[in-house]
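2 protein chains.
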Amino acid sequence: MEAKVAGSASMSLGDEIVRRINALAAISETSEHLTRIFLTPEHRAAADLLMTWMREAGMQAHLDAIGNVCGRYEGERPGLPCLMLGSHYDTVRDAGRWDGPLGLITAISCVGDLNRRGRRLPFAIEVTGFADEEGVRFASTLLGSRAIAGTFDESALGSRDRAGTTMRQALTLFGLDPDHIGAAARAPGELLAYVELHIEQGPVLEAEKLPVGVVTAISGATRLAVELRGMAGHAGTVPMALRRDALAGAAECIVAIEEFCCTDRDGLVGTVGYINAMPGATNVIPGMVSFTIDIRTAKDSYRKLAVADIVRQIEEIVKRRNLKLDINVTHENRTVPCAPWLKQQVADAVAAEGFHVFELPSGAGHDGMAMIDIADVAMLFVRCRGGVSHHPDEHVEDADADAGARVLLRLIENFKPKA
Amino acid sequence: MEAKVAGSASMSLGDEIVRRINALAAISETSEHLTRIFLTPEHRAAADLLMTWMREAGMQAHLDAIGNVCGRYEGERPGLPCLMLGSHYDTVRDAGRWDGPLGLITAISCVGDLNRRGRRLPFAIEVTGFADEEGVRFASTLLGSRAIAGTFDESALGSRDRAGTTMRQALTLFGLDPDHIGAAARAPGELLAYVELHIEQGPVLEAEKLPVGVVTAISGATRLAVELRGMAGHAGTVPMALRRDALAGAAECIVAIEEFCCTDRDGLVGTVGYINAMPGATNVIPGMVSFTIDIRTAKDSYRKLAVADIVRQIEEIVKRRNLKLDINVTHENRTVPCAPWLKQQVADAVAAEGFHVFELPSGAGHDGMAMIDIADVAMLFVRCRGGVSHHPDEHVEDADADAGARVLLRLIENFKPKA
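Going down the list, the protein sequences come from chains A and B.
For the first sequence, numbering that gives the first Met the number 0 begins at 0 and goes up steadily by one.
For the second sequence, numbering that gives the first Met the number 0 begins at 0 and goes up steadily by one.
Please note that the accuracy of each hint is not assured.
Simulated coverage check for chain B against chain A, where a stretch passes if three residues somewhere in it have a Cβ under 8 Å from a Cβ of chain A [stated by the list, open to error]: (1) 227-240; (2) 253-265; (3) 281-291; (4) 369-380; (5) 385-395.
Restricting the straight-line Cα-Cα distance to at most 20 Å, the calculated cross-link-like pairs of lysine to aspartate or glutamate (EDC-like) are [claimed, not checked]: (6) A/LYS417 / A/GLU314; (7) B/LYS298 / B/GLU314; (8) A/LYS415 / A/GLU73; (9) B/LYS318 / A/GLU258; (10) A/LYS318 / B/GLU258; (11) A/LYS318 / A/ASP308.
I should point out that these hints are in silico values taken from the structure, not numbers from a laboratory.
The C-beta atom is built at its ideal place from N, Cα and C for all residues, glycine as well.
Just need the whole structure built from these sequences, with the hints factored in.
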């Protein structure tokens with residue numbers, strides 16, 4: 000790979016990106032585990048480092064009202080509408096170093112490359128480091144991109160973190176004014192498009208042996224909370240025929256959900272990630288079980304049908320077992336399709352760099368889910384090892400980081416606003 | 000029921016037993032939830048109250064070296080071997096009031112009845128309140144009965160409760176000498192038999208519409224700890240076909256265990272009471288699941304075959320799903336059969352009191368499991384409402400407490416040592 004691109008500008012980009020990924024990963028709550036939570040001192044230190052890199056790349060840089068890092072590289076003349084690039088710079092707890100920072104740092108490095116070459120385009124480029132995509136600290140996610148899209152819900156300011164600090168207090172401590180978050184909102188006419196590069200966080204590109212992939216849509220998701228109530232009892236004294244075992248019922252539901260999704264041919268995924276059986280003792284028949292269901296697919300109408308089918312199956316199981324059921328939708332978000340005109344330009348850039356054009360949906364959520372309210376959205380995925388993400392083992396090969404940068408740079412230089 | 004037995008001595012026994020059950024239940028760690036744990040101040044207060052009642056019943060009473068409450072009612076002459084009656088006076092957390100105390104208080108009241116009538120028998124009667132049957136505080140159970148049977152494991156003295164206190168320290172604080180627990184052991188020749196009355200803790204007698212039942216055996220049990228390891232992953236990004244979901248695998252195992260036990264015709268019961276899925280987030284495919292299995296039946300050879308069959312099924316499921324399995328037996332106890340000669344005397348007493356003789360195994364463990372090492376054992380079960388036990392709703396009807404007392408008193412008065 001190195002030989003193939005030796006001497007090209009993008010080769011040095013790849014090196015720079017990996018170096019910066021490592022530098023940013025050193026800014027963490029603890030030195031053993033990468034954790035960088037919204038509005039903490041390390042979050043602020045990371046913002047400062049990102050702004051330094053932005054300025055080195057020839058951009059103006061500032062923090063907006065919610066803590067987004069905003070860099071702007073003017074076009075052929077000042078004040079032109081922008082192509083916005085970006086990703087988030089907060090992390091989950093005990094995170095990998097690539098989820099978020101790869102897209103952000105790659106965008107900064109691409110701009111730096113243009114700047115070194117004195118290249119100005121017929122549009123501005125803005126790079127945004129979104130302050131909170133993971134939603135670890137407060138109850139809501141996508142806080143940074145929602146503020147930019149003008150859809151930030153001010154009632155979230157009253158929500159508290161585990162220590163009891165409100166978002167309002169945290170913003171003030173960070174040096175921001177919680178009464179002026181509206182100032183972060185952008186006018187739709189200022190943005191020509193939003194394009195995000197991100198690690199795939201799944202194993203599909205690896206299975207396809209491809210460094211990059213073109214995202215078709217960010218899949219919609221429905222999350223359900225299920226509670227089954229039966230009758231607790233002594234594990235030794237209640238004959239099988241007299242039991243109303245809530246965990247055996249939940250197990251049958253989990254098997255049914257998996258089977259339903261596995262027989263699907265349209266990319267439906269269903270996950271039970273959390274389960275709790277009460278009272279939870281070896282020698283007591285569980286009287287109550289709660290579990291969650293997460294259902295995703297790239298077509299909203301299809302997801303809704305699937306959820307209804309799954310709920311119907313659970314109702315049948317529960318009725319047959321004489322259990323009580325409480326089932327609620329706790330979260331629902333619609334599919335965000337990537338704009339065909341923009342997705343085509345991403346695909347063209349992939350092909351121009353010599354890679355097979357492979358399309359896939361994003362099962363994970365991204366800032367594009369909020370940005371769709373203010374601009375057309377597209378995404379480029381970069382392969383990550385084993386599909387592992389949200390884990391210290393998260394890894395992107397140097398060559399893949401470089402491939403992503405080359406595609407993104409090609410996309411920027413060839414970008415044509417929507418006709 | 001009252002009309003039927005009005006004026007008999009045993010009627011007043013029933014009233015006295017229920018009154019004492021309620022008085023003992025007031026001695027608890029907290030006033031809202033009945034909790035009386037081994038070697039706590041409330042455990043000591045309960046022991047004192049029990050000894051008061053024993054002395055009122057004409058017995059000598061003392062605490063032995065492990066904290067068992069020991070009462071002795073001499074026979075026709077001092078120093079005769081005894082028929083030992085008893086049950087435990089510790090409780091689980093948030094317990095019912097009948098589990099343990101019913102058998103102990105009924106035995107005291109029966110002796111009190113003999114004493115009021117000046118009745119002496121050709122054998123002594125001893126009533127033992129076992130100090131720790133539930134094993135809530137330290138890792139081991141049956142501490143009281145093991146000490147009497149001479150099978151107490153002295154290494155348990157080093158085990159610690161949640162607060163870090165060792166059993167040795169707790170015994171000392173209670174006023175006992177941990178270096179002389181051996182003094183609690185009885186010689187086999189001192190005991191003619193051990194008979195325990197206990198609530199059923201299951202729903203069988205209720206289903207049979209019978210106040211009492213004759214126990215055939217205390218079922219042996221095998222407990223297993225199972226750990227399945229797959230691959231954690233993002234709930235949105237990993238296609239179903241590429242998953243190694245440890246919870247879906249565990250669910251299939253739980254369904255298989257239930258099905259296996261349900262198709263059995265010989266009283267086999269299997270329970271998964273505890274489950275934990277890691278990392279346990281709505282949007283993460285579980286990479287690791289641990290759960291427990293509890294298997295019981297009244298025939299040891301049959302239980303072993305059943306455990307082997309279940310393990311084989313789990314191995315097949317795990318292999319097909321490409322998961323890693325760690326499965327270990329964490330606890331195993333053999334079936335304790337009730338001695339035929341003694342069980343027959345219990346059955347005769349049941350019949351003499353006008354009840355249908357119904358036999359059933361005990362799926363729950365009892366002090367008889369330890370006492371078998373020093374004496375032949377039999378048990379009489381009393382119906383409990385809904386089969387509920389280890390719960391504040393645990394309940395025995397007054398009439399059933401009375402029925403149990405009449406049967407036990409009849410058994411004592413007609414008792415014939417083994418020929």
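Each hint tested on the structure:
1. Taking a C-beta to C-beta cut-off of 8 Å, the region 227-240 of chain B contributes 10 residues in contact with chain A, enough for the three needed, and the coverage statement holds.
2. Evaluation of the coverage hint for the region 253-265 of chain B: fulfilled, as 6 residues show C-beta separations to chain A shorter than 8 Å, against a requirement of three.
3. Three residues within the 8 Å Cβ limit are the bar, and the region 281-291 of chain B against chain A gives 6, so the coverage statement holds.
4. Here's how the region 369-380 of chain B fares: 0 of its residues keep a CB closer than 8 Å to some CB of chain A, so the rule of at least three is not met and the hint is violated.
5. Taking a C-beta to C-beta cut-off of 8 Å, the region 385-395 of chain B contributes 5 residues in contact with chain A, enough for the three needed, and the coverage statement holds.
6. Restraint check for A/LYS417 and A/GLU314: the C-alpha separation of about 48 Å exceeds 20 Å, so the hint is violated.
7. In summary, the hint linking B/LYS298 to B/GLU314 is not supported, as the alpha carbons are separated by about 24 Å, beyond the 20 Å threshold.
8. For the hint pairing A/LYS415 with A/GLU73, the CA-to-CA distance comes to about 16 Å; that is within 20 Å, so the pair holds.
9. Between B/LYS318 and A/GLU258 the CA atoms are separated by roughly 18 Å; this keeps the pair inside 20 Å, and the hint holds.
10. In summary, the hint linking A/LYS318 to B/GLU258 is supported, as the alpha carbons are separated by about 18 Å, within the 20 Å threshold.
11. With a C-alpha separation of about 15 Å, the suggested pair A/LYS318 and A/ASP308 falls inside the 20 Å cut-off, and the hint holds.
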